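Asks: Line by line, the protein sequences are chains A and B.
With the numbering used here, letter number 325 in the first sequence gets 329, and the count goes up by one each step, no holes.
With the numbering used here, letter number 6 in the second sequence gets 10, and the count goes up by one each step, no holes.
Hints are supplied without guarantee of correctness; some may be wrong.
You can't tell identical chains apart in this list, so a pair holds if it fits in one copy or across any two.
Lysine to any residue pairs mimicking SDA-like chemistry, simulated, CA-CA at most 25 Å apart [to be verified]:
#1 Lys29 to Val254
#2 Lys57 to Arg396
#3 Lys282 to Ser48
#4 Lys207 to Phe352
#5 Lys57 to Asp328
#6 Lys61 to Gly347
#7 Lys57 to Glu348
#8 Lys366 to Tyr392
#9 Lys253 to Glu357
#10 Lys366 to Asp393
#11 Lys61 to Asn247
#12 Lys29 to Glu353
#13 Lys57 to Lys368
#14 Lys368 to Ile397
#15 Lys61 to Glu348
#16 Lys61 to Asn326
#17 Lys368 to Asp393
#18 Lys8 to Ser139
#19 Lys366 to Arg396
#20 Lys29 to Phe352
#21 Lys366 to Val115
#22 Lys366 to Gly356
#23 Lys84 to Glu348
Hint data in this document are derived by calculation from the structure and do not stem from the laboratory.
Since the model is a prediction, treat every value here as computed from it, not as a measurement.
Protein chains: 2
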Amino acid sequence: MELKFIDGGVCAVDGVLASGCREGKYGVGIIISKDSNAAAIFTSNTVRAEPVKLTEKVMRDGKLSAIVANSGNANCFTGKEGMDDAVRMAERVSEAASVDMDDVAVASTGVIGRRMPLEIIERLIDDAAGRLENSPRASRELAEAIMTTDTYPKEVAVEFELKNGKKARIGAVAKGSGMIAPNMATMLAFITTDVDATPSELKKALRRAADESFNMLIIDGDESTNDMVIITSTCRSGRMDGNFQEALKVVCRKLAWMMARDGEGATKSFMVDVVNAKDSEDARKAARAIAGSSLVKTAIFGADPNWGRIVAAAGYSGAEFNPDDISVSLESDAGSVTVVRRGEILAFEDTGELELAEEIMKEKEIRIIVDLAAGSSGATAYGCDLTYDYVRINAEYTT
Amino acid sequence: MELKFIDGGVCAVDGVLASGCREGKYGVGIIISKDSNAAAIFTSNTVRAEPVKLTEKVMRDGKLSAIVANSGNANCFTGKEGMDDAVRMAERVSEAASVDMDDVAVASTGVIGRRMPLEIIERLIDDAAGRLENSPRASRELAEAIMTTDTYPKEVAVEFELKNGKKARIGAVAKGSGMIAPNMATMLAFITTDVDATPSELKKALRRAADESFNMLIIDGDESTNDMVIITSTCRSGRMDGNFQEALKVVCRKLAWMMARDGEGATKSFMVDVVNAKDSEDARKAARAIAGSSLVKTAIFGADPNWGRIVAAAGYSGAEFNPDDISVSLESDAGSVTVVRRGEILAFEDTGELELAEEIMKEKEIRIIVDLAAGSSGATAYGCDLTYDYVRINAEYTT
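The task is simple: from the sequences and hints, build the whole structure.
Replies: Okay, here's the thing in structure tokens:
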């Protein structure tokens, strides 16, 4: 399949409008994709923010015309008043952008347990609604409006060919696992496309793509009360097929990798490729355990080629393998080296392997390849290092 | 049941001998409890150190006469030579202390992936074997010999009455989840008693007690390749009964709490009491998720009464509850305060509750009580804060 990265974020898709604006620590972004088929996945946390509840209800019919997202306040643990506030946001977008309020999704990220500053948010909604347009600039402003402690806006867009040769596009913006104290690390991603697909086809495709991207991203293991990923389709291009699924996976993986790179306090990011696992469940478990291990994360921070921690994390992941058969390799711009081959340590003290491994670990982006030699399934997980700054960001805040 | 804490560690039990000595970063401790019934639990990590494999085999008959433990080298991922080294340690103890080598358990903690410095270890074994005695000092030297990055030795001993009025004792030493780079955080605990119990009774009692203590202790979520808890009984006192089970739980909980207090880089420790959960599985899940949350742990470090992170961690734990019914209280030497009552936030900005909550969080030991209002089961988990020093200890080492 041919696929190329293009500019424009969500606005790479024809007919999609976007805008965003900020006022102090608050921001509002709007996406308009009128009368679109749509699907979403939400946090599996039992504690769910009010906008999550509202959006889930609104999307039951698989239709959306608009998405409004705010940063600065998560509208979580805010009870009946919080739900009223979320509804009020949808109403305001409905009025300002002339869409049915039952087709407006609402997403929030920020501090939890505080009432929404509705006056500010409504002013920002009006402002954003007045500036909606289909342009790379508009998508960029949207991406910036939903940032919290993110250090850069996150956008992706791709153009690819469906199997019948027809061109199609997918665009996306996201906010990463930066955290605005005292909130959880919320992940929001909004994806647009022109591929012709029913809501249930979109849902299936989104779930599959998320399973190999967002669900394999581990910043600190804490799952937010506000996570939300939405995909909308104008259905103006050809029928969905395997190429769409593939392109959607590329987009979601790219977003996940951007979020890993921008994890709170992170100085380095890494991906864990587990190969030759017994089955895909085992591959996922092992990759996630390694990417989530505090010991592996601090080793990455310290540029320590600590294969022992990697092997031990695989060991407690629940994946089946024989420690005598495991192999571990490290890769980065500095090179590639196998440190453990079929249970045998190659990177002992004073070996060339160890020297190279140390050079590899000094780079900003590192790839860990773990061969379990137990089957033929694989999985990739994304993570970032655990640093002094992570502790600082999350400890220094006092309510 | 009457129970009092006494001195003496493992030597509080009549007939038990102990000793320990160190040389640089290496230490060896020996416990002799001749012809004892015994049981053990081992790490569930797929990757297991050689002494774990050996000891599991040795203990199949439920009998032990001696335990030898060394610090400084974990003898893990060392293959056939590593097993030979573990066997050699057992042999040496067997010769020096005149016990059957099939009745010697071996435990190791320290660096992984390196050959044992057998010459040093054997010298230490001989030295320790020559100084075996039944005294508080001997138990203390044993506890010191097995320390790695622990900042203090860990011992407990209790005397209690069995139901028939007969006095019985349990003694214990442990090393905590301090970590010797680049090893995992290894937990070792050796428990002695005079209660008359079969190996399978001991095993059942130990498993139960561990489920409410060691298995609820979360330092960094990484499970070591070397964890081992052994109990031996001289069987000189009365038959085991419910009082023994209760006393064993007290001992194991005390050890777990000591380890939490001495977690790597920890400045504060906390316990999480989950009450009124649907069932005990749910209570355990919620308590563990809260104690293991990086966000809760950094909040404890920052003295932040961040109930939002506590509630959210309960939310992703998988425990069933209605967020509108949850209550959260905080307790320490500074007082006790309810910050969330049945879903309603009491500790809003500028309330007396918030002020008190902040005072409470400044103490060294904190108790978090979470009422799920979903049933009548409870569980307690033990944790420590996540600090700059945790990152430093685990990042600064380079292989």
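Asks: Does each hint hold? Answer for all of them.
Replies: Outcome of the hint check:
1. Lys29 to Val254: So lysine 29 and valine 254 fail the 25 Å test inside a copy (32 Å) and across (50 Å) alike.
2. Lys57 to Arg396: neither (32 Å within a copy, 41 Å between copies)
3. Lys282 to Ser48: between (27 Å within a copy, 19 Å between copies)
4. Lys207 to Phe352: Classified as neither; 48 Å inside a copy, 39 Å across copies.
5. Lys57 to Asp328: between (49 Å within a copy, 14 Å between copies)
6. Lys61 to Gly347: between (52 Å within a copy, 22 Å between copies)
7. Lys57 to Glu348: Only across copies: lysine 57 and glutamate 348 sit 18 Å apart there, 52 Å inside one copy, limit 25 Å.
8. Lys366 to Tyr392: both (17 Å within a copy, 21 Å between copies)
9. Lys253 to Glu357: neither (35 Å within a copy, 47 Å between copies)
10. Lys366 to Asp393: both (18 Å within a copy, 21 Å between copies)
11. Lys61 to Asn247: Intra 30 Å, inter 54 Å, cutoff 25 Å: neither.
12. Lys29 to Glu353: For lysine 29 and glutamate 353, only the inter-copy Cα distance (18 Å) is at most 25 Å; the intra-copy one is 50 Å.
13. Lys57 to Lys368: neither (39 Å within a copy, 39 Å between copies)
14. Lys368 to Ile397: Classified as both: same-chain Cα gap 21 Å, cross-chain 21 Å, threshold 25 Å.
15. Lys61 to Glu348: Only across copies: lysine 61 and glutamate 348 sit 24 Å apart there, 55 Å inside one copy, limit 25 Å.
16. Lys61 to Asn326: Between copies only: 19 Å across chains, 47 Å inside a chain, cut-off 25 Å.
17. Lys368 to Asp393: both (16 Å within a copy, 23 Å between copies)
18. Lys8 to Ser139: Intra 19 Å, inter 75 Å, cutoff 25 Å: intra-copy only.
19. Lys366 to Arg396: The answer is both: 23 Å in one copy and 17 Å across copies each meet 25 Å.
20. Lys29 to Phe352: Answer is between; shortest inter-copy Cα gap is 20 Å, intra-copy 50 Å.
21. Lys366 to Val115: between (35 Å within a copy, 22 Å between copies)
22. Lys366 to Gly356: Cα proximity of lysine 366 and glycine 356: one copy only (16 Å, versus 49 Å across).
23. Lys84 to Glu348: Close across copies (11 Å), not inside one copy (60 Å); limit 25 Å.
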